[in-house]
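Chemist: What follows is each chain in one-letter form.
Number of protein chains: 2
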Amino acid sequence: MKTSLDCIPCILRQTLDVARLVSKDPAVHENILRDVLGWAGEMELNQSPPAMAQRIYRRLREITGVDDPYRETKDRQNFMAMEIIPALRSEIESASNPLLMAVRLAIAGNIIDVGANGNLTETDMRQAVNQALTEPFFGEQDSFRQEIAKAKSVLYLADNAGEIAFDRLLIEKLSPELVTLVVRGAPVINDATLADAQAVGLDKIVEVIDNGSDAPGTILSDCSQEFQHRYTDADLIIAKGQGNFETLNNEPGNLFFLFKVKCPLVADLVKQPIGTQMLVKPRSGKNELANK
Amino acid sequence: MKTSLDCIPCILRQTLDVARLVSKDPAVHENILRDVLGWAGEMELNQSPPAMAQRIYRRLREITGVDDPYRETKDRQNFMAMEIIPALRSEIESASNPLLMAVRLAIAGNIIDVGANGNLTETDMRQAVNQALTEPFFGEQDSFRQEIAKAKSVLYLADNAGEIAFDRLLIEKLSPELVTLVVRGAPVINDATLADAQAVGLDKIVEVIDNGSDAPGTILSDCSQEFQHRYTDADLIIAKGQGNFETLNNEPGNLFFLFKVKCPLVADLVKQPIGTQMLVKPRSGKNELANK
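Chains as they are written, first to last, in our numbering: chain D, 373 to 664; chain R, 373 to 664.
No wet-lab data here; the hints were simulated from the structure. Hints may be right or wrong, so weigh each one.
If several chains are the same, the list does not tell them apart, and a pair holds so long as it fits within one copy or across any two.
[Unchecked claim] DSS-like cross-link-like pairs, simulated, lysine-lysine; straight-line CA separation at most 30 angstroms: (1) Lys522 / Lys374; (2) Lys396 / Lys374; (3) Lys396 / Lys522; (4) Lys396 / Lys634; (5) Lys653 / Lys576; (6) Lys643 / Lys396; (7) Lys653 / Lys545; (8) Lys524 / Lys396; (9) Lys374 / Lys545; (10) Lys374 / Lys576; (11) Lys643 / Lys524; (12) Lys545 / Lys576; (13) Lys374 / Lys524; (14) Lys396 / Lys653; (15) Lys524 / Lys634; (16) Lys396 / Lys545.
None of these values were measured; they are calculated from a predicted model.
The whole structure should be built from the sequences, with the hints applied where relevant.
Modeler: This is the structure:
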């Protein structure tokens, strides 16, 4: 998915959010915004929004010298999510369709995204979980069930901190011994890295690797050779979040995307309203996700 | 009111809206956005948002060669508003407080603002009118009533096309012979110019002048000498819309602002929620509008 002109005002808003997070000095906020404005005026739009975000966050790190501005936020998100996980696990076990319930809760966890919503509270998180059971769901569950039944190896591409605790619930319903969890290779926004997989104990139940990249998505050419091999070899790839959807939708692989539609452009592309929980395969080349 | 860093993403979104209005060519949209991005990276923030918008719209006119991209939109807005005016006039006459009703409807008309909302429909307009009677209202009506009773000359600064038909209803409740209506000196966004005053017949009941400026607000130093004299001499100035509030809040004059709070920054400044109908005097220098 290419960056749209409409992404630019949104990217600038996010820039301002993160500038305010890394510094209390309005002069620093202004410098950062001006820097990104100057750069945005020259940029190549033939890339995905996560590729844009990757460049901006690299520049933010350069300007501020802060490597991981969301570290505290991520710790808090993991902690908040872990608090409600035991109750959710019981809910999955008592559901009439436990796998579907785990899928919906994993997607619900995708609300924990400071890129799209910088001020998530525990109340928002609990609301998202409650809504998860009533929200519109657009999914290919039968096909998903078949694929996980026959896959001998599953690559699970995580998205954000906090959300990764919800992923754990779904991974527990798969066969953990077949699953490799993939986190980002370096901090970017609140995306999950190795520290977050450890914070929710996923390193105890599955193999965890990183993809070698600092993009808030999965740009294959930017990932490590090791990850690329694992990607090619996997029977099934489960990709969480809009960032992974935006970067992998036109890539090869036996992919399932699990995400919540968060912006008007993605809503337009998948032909589902904002807020919809998606469990879908890519549509090769044409992006005609909903034309089925 | 100075431009905030938060205004910049919003200004860029508006730039994109107007670029799409003046051209169907995505390459033109991209050129315009890049141009404004480059310029925004260098700009002086020590000005009001309407001063920023003025510069952007001048640049848009230069790039596209289109002087008045919203002319058709404005004609449609005037027409839509004039359709419902007779019914609203009856409503004012039968109200228990006709002046307050006219004030509230004039503020309701302030929803017709393509800067803040590019896709207003007739349904939106009717909804705004219906809401006008139930929306939160923060006003100094007693003081307003006293001022209009004693003023020998009233300068009424119009805001947008369409909205100007609603202004007519309020002007009819004042003493039209004492009122001079002021429109913008040149087209900018959908702000009212002489053609719009004529379209709603205001030129038949009051004197109409223009302020000599193409800013979507009233930047006194940018207005004609004639307007500046009229401004200084007026017993009472009624200024419609956020743009006039943003540019005149710290200026001298016996001012009343009538507007609907439309953006988070103004909401923060006036300490009232978005959507509130405001009928307020400025607070000298301190912007402590709501501390009373």
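Chemist: Which earlier hints turn out false for this structure, listed by number in ascending order?
Modeler: 1, 3, 8, 9, 10, 11, 13, 14, 15 and 16
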